[in-house]
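A.B. asks: All chains, full assembly: derive it from the sequences and hints.
Protein chains in written order, with my numbering: chain W, 2 to 141; chain U, 743 to 928.
It is worth saying that the hints were derived from the structure and are not from the lab.
Straight-line alpha carbon distances no greater than 16 Å define the calculated EDC-like cross-link-like pairs of lysine to aspartate or glutamate that follow:
# : chain 1 : residue 1 : chain 2 : residue 2
1 : W       : LYS42     : W       : GLU76
2 : W       : LYS91     : U       : GLU774
3 : W       : LYS85     : U       : GLU774
Residue-level listing of the chains:
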Amino acid sequence: MKNPLKLLVILTAILILPVGGILIVSQNLNNKPIAEVTQLKSTIVVESLDTNLNFSIFQSSTQNVLDVITKLAEENNTFSFETKEYSFGKLITTINGVEAKDTEFWALYINSEMAQLGISEQTVNPGDTIKFILTQINLN
Amino acid sequence: MTNLKLNKFETKLIVAFLTVGILSRTLFHFGENVEIVTAISIAAGYFFTNKRFSWIVPFLIISITDILIGNTMIFLYTWSAFLVTPMFGMIAQKVSLGSKTSSKILTLQFVGILSTLFFYLWTNFGVVLTTDMYAKTFEGLVQSYINALPFLRPQLTGTIIFIPIVFLGVFALKKFNVHPAEKRQY
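C.D. replies: Pasting the structure below:
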């Protein structure tokens, strides 16, 4: 390593500049108003080939999906789920005994739009519809 | 013939790194996306005189634990990222903001931040290529990076906290294990 300081400076520029840019872009996209809510009923739908279930739970504030379905599982013994932790976060593996195989995953939709965050980060407002659909992974 | 010679201190260091690294990913967790393997990988690059072990140790930690806990095709990117991380420790060994231990720790925390940023950029690039979660376009790539930002914060926090812990631990281990005649200036 002939000039480690120069290498360090180059690495700093290469790594910090794009991350800085991503932070700026994400700040511009996050200008959503915070909803003022009272307790409303949120709906959780579970769909697979053999399953089409609906559950509901009262939600009084904006929460992440994991907290909402954890509360549902505690209050309603007909709903259960399992997760697995990966290096990029938690993924749902099983809902009500239906396990996603290697070529499948439980896709998350919030109000009919596919979620772009994991269950620990994706927030839902009271009154929203959370939908889990067992989906084939397309690796083309 | 492959040179795999080590002194006694480095042998003990390998056992300590493998034990802590494997246990931290299997039996106990520090929190979501908070991990110590980055600090261990940087320490491996920094301390081992036989640099082959700088790559062997992190690779063993990540491959053994991934086989135990499972992973997806993204493993190609996570494993390769942890093969690059020791290089940051090697750079820190050559560059230092000063000769005091505190200056060395600061330098190591800085390279730790850089290695975490590299991991974030490389593995989320891999998510776009190996899954159908994002369009395989520049916009899809940017979206994957934006969505991964909440995972980056705890990872950076863990790196900043664990680097001083790991390095002070190694310095203490060295103090009690290395004969004065064998002491090296790190």
